[in-house]
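**Q** Chain by chain, the residues run as shown.
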Amino acid sequence: MRRLVAPILTAIALPVSAVAADLRPVSFNRDIRPIMADTCFLCHGPDASSREAGMRLDLREEALKPTRNDVIPIVPGRPEESEIIFRITDDLEPMPPEEAHKRLTSEQKELIRRWVAEGAVYEVHWAYAPLVRPPLPDSGVGGSSHPIDAFVRARLAAEEIEPSPEADKSRLLRRLSLDLTGLPPTPAELGAFLADPDPGAYERQVERLLASPHHGERMAVWWLDIARFADTVGFHGDQNQRIFPYRDYVINAFNANKPFDQFTIEQLAGDLLPGATEEHRIATGYNRLNMMTREGGAQPAEYIAKYGAERVRSVSAAWLGSTFGCAECHDHKFDPIKASDFYELQAFFADLKQWGVYSDYDYTPNPDLAGFNNDYPFPPEIEVRSPYLAARQRQLEAELADHRAASRARRENVEVALAFEAWIDQARAFLAREPSGWSQPGLVAVLQKKAVPDGEPVPSAPDGIVCLSQELRSGESLRLTLSASRDPIAAVRIDFTEAPRADPDGRKDNSRNRVTLAAVVRSAGGTERKVGFVFADAAAKDPHFLGGAEAIGIVRGWRIPRGAADAVRSGIWLPAQPLRLAEGEVLELKLSGEAVPPFRVFTSPFGSADALSSASAAVREAIMIPRERRLESQDELLADAWLLSTAWDPAAFDRHHDLAEKIRETRDGRAWTMVSQAAEPRPVRVLARGDWQDESGPLVLPATPSFLPGRRESTAEKRLTRLDFARWLVSAENPITARTVVNRLWAMFFGTGLSATLDDLGAQGEVPSHPELLEWLACEFREQSWDLRHMVRLLVTSATYRQGSNLRPELLERDPGNRLLAAQNPRRLEAEFVRDNALAIAGNLNLRALGGPSVKPYQPAGYYAALQFPDRTYVASDDDEQWRRGVYMHWQRTFLHPMLANFDAPARDECAAQRVPSNTPQQALTLLNDPTFLEAARLFAARLQREADGDEGRIRRAFLIALSRDPRPAEQASLLGFLREVRRHYGANVAEAGQLLGIGIAPRPGGDPVELAAWTSLARVLLNSHEVITRY
Amino acid sequence: MPRFDPVTHALSINRRTFLSQGAYGLGALAFAMLQGRLGAAAPSGSGARPAGWNGMLSAPDYPVKAKRVIFLCMAGGPSQFETFDHKPRLRELHDQPFPESFTQGQQLAQLQNRVLKARGPFTEFARHGRAGIEVSELFPHLGSVADDLCVIRSMQTEQINHDTAHAFMNTGSIIKGRPSMGSWLLYGLGAESDDLPGFIVLTSEGKHGLQPISARQWSSGILPSRYQGIQFQSQGDAVHYVGNPEGVCQSTQRLVVEEIKRLNGLLAEEQVDPEIATRIAQYEMAFKMQTSVPELTDLRQEPQEILDLYGVTSPGDGSFASNCLLARRLAERGVRMIQLYHRAWDHHGQLEEGMKSGARDVDQATAALITDLKQRGMLDDTLILWGGEFGRTPMGQGSGRDHHILGFSVFLAGGGVKPGITYGATDELGYRAVENVVSVHDLHATMLALMGIDHRRLAAKFQGLDIRLTGVAGEVVTDLMA
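Residue numbers (our numbering), protein chains in the order written: chain A, 1 to 1032; chain B, 10001 to 10482.
Just so you know, the hints here were simulated from the structure itself, not pulled from any lab data.
Heads up, a few of these hints could be off.
Claimed, not checked - DSSO-like mimics (lysine-lysine), calculated; alpha carbons at most 27 Å apart, straight line: (1) A/K449 - B/K10065; (2) A/K590 - A/K449; (3) B/K10117 - A/K450; (4) A/K450 - B/K10207.
Keep in mind the model is a prediction, meaning the values are calculated, not measured.
Please construct the entire structure, taking both the sequences and the accompanying hints into account.
**A** Structure below.
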């Protein structure tokens, strides 16, 4: 293996100097530091505690002093007198020592010797040095006036390598569209570009795509990895957290081209800005995206320490491209990052209001979160506007209005109209008996206990009030058998006539006052039929949390508020179908809860959509008015009431309730989101070896890292804040943030960063392939007001970007990683865009709106079986939210959606600046067999049938849509042959065709199933092809 | 001229360029760096590359005893006092205040802010095998294979909550992104199976004391994702998306896969990109998995006496017993790391019911796995680890025991461990390991040594650090090695 590795090592460690190394003076940063960082600094570097022989090599003044063994490590200009040269070439006791498992190559030894001979000139590590804009190389080289090309082509020219020619126009547009929006160009967009002879045609496409709202979605995928955005808390029970408005903030920020300095300040300290807006506060959700726990038995102080440490790691990785992680326990071995730097950085965030354990256990009581359990959210949170939800609400309301109108219009049919009037007559007769619209049936109440099969009778008072003498224990419930009635039952109401009793020690109030209702219809023979509830609600209710959000309605439990002692508390339940009991049938209710107050039960033949307006005064009044005097508004009211009371058209009834439920879920266009909230800062001390129980370390105050320029420190009088830190990050003095960001942008568009280690620009990171270019870009970014879009435009308009992506075999030995950029790099799409691309090709990608709650695409059943506290059932989105973009997918940290995980999306437990793309059988299985891709293939096939004619025409169309090009003759011929075979197969197995076309929730088109199945198979082939998931 | 074989071609390209199943640009490069640095950091190693080794390590540092690992993870943390650590003195002290001299200043989980009382074991112990290993009566089958067990009664860990303790037991660290033990093995040694993943995870659950687990526990972390553990599901397809879709029979799927390969081959004629060849090879592998996985998981092929040996009543029902049998089949097919989680051991309350029920779930099947491997001559090169992420307190918590990290028991079997011994001891009340203490890092170092690997050498470079399973700690416990 060593033999195989050697050329790679040279290429990687010395990516740009390998060829011309002999001609240039040795550079400490380029040539020596990487070697020393890997092989020397562990024992002879910044960390005093692990230093050997008193020898320190990372600082020149130290390295020139005699050590305690009285040898001089480095004598500038005199390698033969320098101890390090002696030791690295010593055969008996070589350095690095055997046990370090490190070895210097002879080339490396020679470099060190030459460096000492040339005077042992040290340089500040390049990433920490102040930014100075280098001059552009002579733009005469290579023929492009673009600054990026000037640097790249000067370098290529020095190596005597020709750049690749520009990619053809159709490939260029596909590349640009995928890179800027994560979506392929439509045939129309492609046609317009190909037909545009203007020399500025490409630049116009750049502007069009940068202005697209989908550009923000694309960029967000990048930033959300860095910000570790997820929908769940990550530790243990991995409960849901409410944070999607932060994701939408990020998308909007990119779409508005918010300057990166502002973007930085808002996320880290938006709440501290004078006149902080709602948007500013949403942005501070960034600080809350660390993993959190509410595991039983967790120590609050330990987890506060964990959260604090994670925040330092994530913030430093995100903005400083540096790895502070090791400094939690000791001074960094290779970089000048001290343990005090770690804790001083952490101290900036010590004001964030948070809890180590987001629960209230009796052994670790948490008065701030009294009664919190696994279903509760993770405060602090604020309620904010969600434009997505507001728009969805409007859309759903319009759909409901249409639905109601269509339902009313059915009465144009005479028979329907007669049935309607007959119902009104019956209703009028009922109201004559029961003017309130409710009747109180007689009931028999029995206390159900495990040990007593028949239960214990509970007497009810003459006025029907049932009063329990004791509280219900676990496993006990109250069975209420209602006396038989011929009136239909469209609603059940329970009135509690007293407040629930308080818990003596006040600890379990959250569950004590909760009741739940279940129902069955029991026949004379004793068989029972379960009755579900389509909705239930109460005008007065305490918040009841489920899965991290407040439940809508009371179907899954009603927490009865205490309120005034004598107030009546009514809850109304709507059976999933209005009940008409047959002879001998009775309705049985089962009431569960702990402290059940006295109550009465009513039923009504009148249903409603929102439960509470069942048997409303308006409906009752309208019923009593003779037909000829009925107002149109009353007629409409009654038509709705008829449907909701009788379900005379069951499908319309279900649809009405389904829309009503979805409208309620939009919560009037508002949503909760976690935010930063400042409180009295917690004391922060340097923890010896990172041990949270060790309180012997010194207390520290906020300060920016000591090894970076422009240091700012707190004083006794003035404690620096998160805002000070954020402003320093984007100040003129700090050089590393701009370097970090432009390096990552480069990777986004060229596949590899100028320094390949996107997460570490420190001593162990890679020296940039084009150091001057990185410096130039970083200066440009900062001086152009941190304008991200300007930078993106700059990158994608370069000739370097526009080159063909055919890798150059003749350069494989010299430049195996294509670091000199003699060609563009092919890039496999990120997980989210693999999905988006397939759905866009199929034509079912839902691009109607931006933002909103995370959505749930199909996922294998049972995938969350090992999740608990609470148990989780994944319910896939059942409407067009199913086909939203990958950036909106539910991000479950402990069990990331298999499609995302298979395509290398990170769990986002912590900052992830670099996705390592793999190429695995799991990816093949996903594209072959995941229902998302099968449904997309079927829709793509149907689209081809609509949009083109004839086998050859459709194949041409398929290539145009999926690959922005025509098929080559061999491809065309191969696919035609394939089509013949699958046609033959499905022709002989029509049932299989039906099964294949039945996958997914999209409506199944009509037409010949055999033909559609054959084309679906062809669509599967294309969606699986390497070219479709690759941006060339 | 030999015919162009895309699979061979892809693999040869991989070896040549180190883009093996890796990918483009950035990723490939970072990966190449990982590998390159590893190579540079790996000058030692004595022999030639052993049979079946096809990962990053070229030569063993120690004699290769074990070729694969089966980790039976008793998730939740079973009580050592009702399994392997017999403490008569604790029984005498039952229900009396627990001496403060033991507990002062130590971490507690759910016993925070509580009065601490001793809880004696509720089971009897008997001595088994030649060495008279003490095993609780709840585990008679394990007692019967005592001569194959290497019981460690002096384990310690650093994390007292489930989530982080699992992270520590699997990755040697609680920092996110650290690779799991199985990922390390796959990275270092590769897999011997070419139509199955090399690191497979199976889960089952008991009736009491369930705790959640996380896919993070089998994540490859900073290593490329092809080293991650693949979880076999107990319902639906064993591997996600491994089953043909409705309406797609095997022959149609074959047609589709062939056509995909043909198109990719045509692309490769136009486009220089080594990933295309890898993609072609991976579709072939995926198609093979579509056949091999259902064949593998079809336990009906096993004879009745084998089903009876394991106590499998309903083959493939997702029980621990079924999973043990599946583990043997995976081991036979060359899977490098097989990890079974049985979620059943978090007994803060109802210790007695919980331990009895958990023991019923695992006792017979675990012993059967050892017996079965032995009768097939595979126990010698299969290393079994049985144990939880931590142990339980000698103090009671209501009707149960709390989490405990200062002393607990695990056992090893097969794979070159010294059979039929007990190693290490806790103090008289079982509070703290006091003799031959074994840390999690030591356990990992020893397991790697049994695989022939010096744990300090199995490293990957990330953010300037040499990341290892054992971090900067870990001593090989040679006393455990035969």
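**Q** Give a verdict on every hint.
**A** Consistency of the hints with the structure:
no.	hint	verdict
1	A/K449 - B/K10065	59 Å, violated
2	A/K590 - A/K449	12 Å, holds
3	B/K10117 - A/K450	33 Å, violated
4	A/K450 - B/K10207	20 Å, holds
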